[in-house]
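With chain R's structure known, arrange chain D on it following the hints.
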Amino acid sequence: MSSTDAALWRARARAEGPLRVPSATRTPTGMLRLVERGGERCWLLPRPPDDVTPAVLRELRMQVLPVEHPNETSRVLAAALHCCWTDTQAGVWPGQPATVRDVLDVVDQLIPGRGEEVLHRLGTGALRRLHASRWLDVDDEAQRVCLGPRVATWPDQDLPALRPEREPDR
Amino acid sequence: MSGLFDDLLEPLGDTQRDALVAAWAALEYGSEPASEAALPALRDAALRHLLDQMLRRSGRTLIHAGTYLWTSGYRDDIAAELAANGWGILPPLEGAALTLVLIYSVAIPRAEGRLAEDNWLSPHPTTPTRLRKLSQVHGQRRLSDALQWLRAAGLVRAVRGADPEMAGASYVPGPAMHRLTPAARQRLLENLILAVGPDTALAMAITVRRSLATSRSDAISPRRGS
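Protein sequences appear in the order of chains R and D. In terms of numbering that gives the first Met the number 0, the first sequence is numbered consecutively and its last residue is 169. In terms of numbering that gives the first Met the number 0, the second sequence is numbered consecutively and its last residue is 225.
Chain R extracted, bound-state conformation (with noise of 0.2 angstroms):
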């Protein structure tokens, strides 16, 4: 592969977002592969040199572009990887599928007694958002959640902190 072409797939990904390809794309240079459950398709992601992510830019005490409703939004990432993210011993991509029902009611648990309309409301304008950035793979139809190929690109020092605590088996 040319430097140009891989000077094209990044970019590419960088006007369209994590692309999903055919599993038999061969992986341009520096970018990371996702193998989707099926098996037939693969995401692909620029790797950021040493992987570094947006959050140095909190040490440089510089903006990144915000996020519309960004509390509302976190909170159903935070309820989709709680119901995708089963086993917290494995990496945190793919997960399993979820429901839409089960992550609004992990929502409720966050911030109980909104009401089952602002829920539903808040609930599916921020999965439209987390779906249009890859955060979460949303299937309206379905009503189904599975994780977006982005939470592979947390780094691995950051997942302690990510991890769900769960209550022990009873």
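Just to be clear, a hint being listed does not mean it is correct.
[What the hints assert, rightly or not] Here are the computed distance ranges between Cβ atoms for each label pair: (1) R:ALA141 <-> D:GLY65: 45 to 51 angstroms; (2) D:ALA157 <-> R:ALA131: 50 to 56 angstroms; (3) D:PRO122 <-> R:THR52: 31 to 37 angstroms; (4) D:ALA204 <-> R:GLU67: 40 to 46 angstroms.
Hint data in this document are derived by calculation from the structure and do not stem from the laboratory. Backbone N, C-alpha and C define an ideal beta-carbon position, used for all residues, glycine too.
Chain D in isolation, oriented as in the chain R frame:
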């Protein structure tokens, strides 16, 4: 190790390497241009050259965004390839809304002498009245979604209270407009001229110059795949 940058980073000591990676993150992830004052790799000409090489391997390039300010944007040759393949193109309504913001916030104020800078940023808001035509045709909900998409991409920024007569936010071009290379800025200007005055002498001149440039580059290097 990411593979793509190894040969550039490996010869460096830890301090220089960290400085370079931090500057890369600031340019690629930051919503606004990064200041030389905060980032040693932007102050040092040798490290800045390395940074540009790293960016170029990702189809990006270093862009001077003002005094002591830098950002990154697509390389012109890569942007042309992306556009030719239809990758990362703005959807029609998002494109129309952004075009209106650029016309009312930049093109008209500049033509009237109210904007001196040669970039696509502006303090002059495009009010909801100017965007009403789009909501009449496509519906307010659809236009709101398009503007939300443009805000999330940093292509427009909401300004409250610019039009007391109308509910809703007004818009100015967003920080992502800093990421245009000089050639991209020029191309955008020409495309706007072609869109709003296709029969003008200026538009004709642009069309002729572009067709000459295309036939010249085709003669030198045939397009890939053809």
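> Which numbered conditions among the earlier hints are violated in the structure presented, ordered from lowest to highest?
Replying inline: 2
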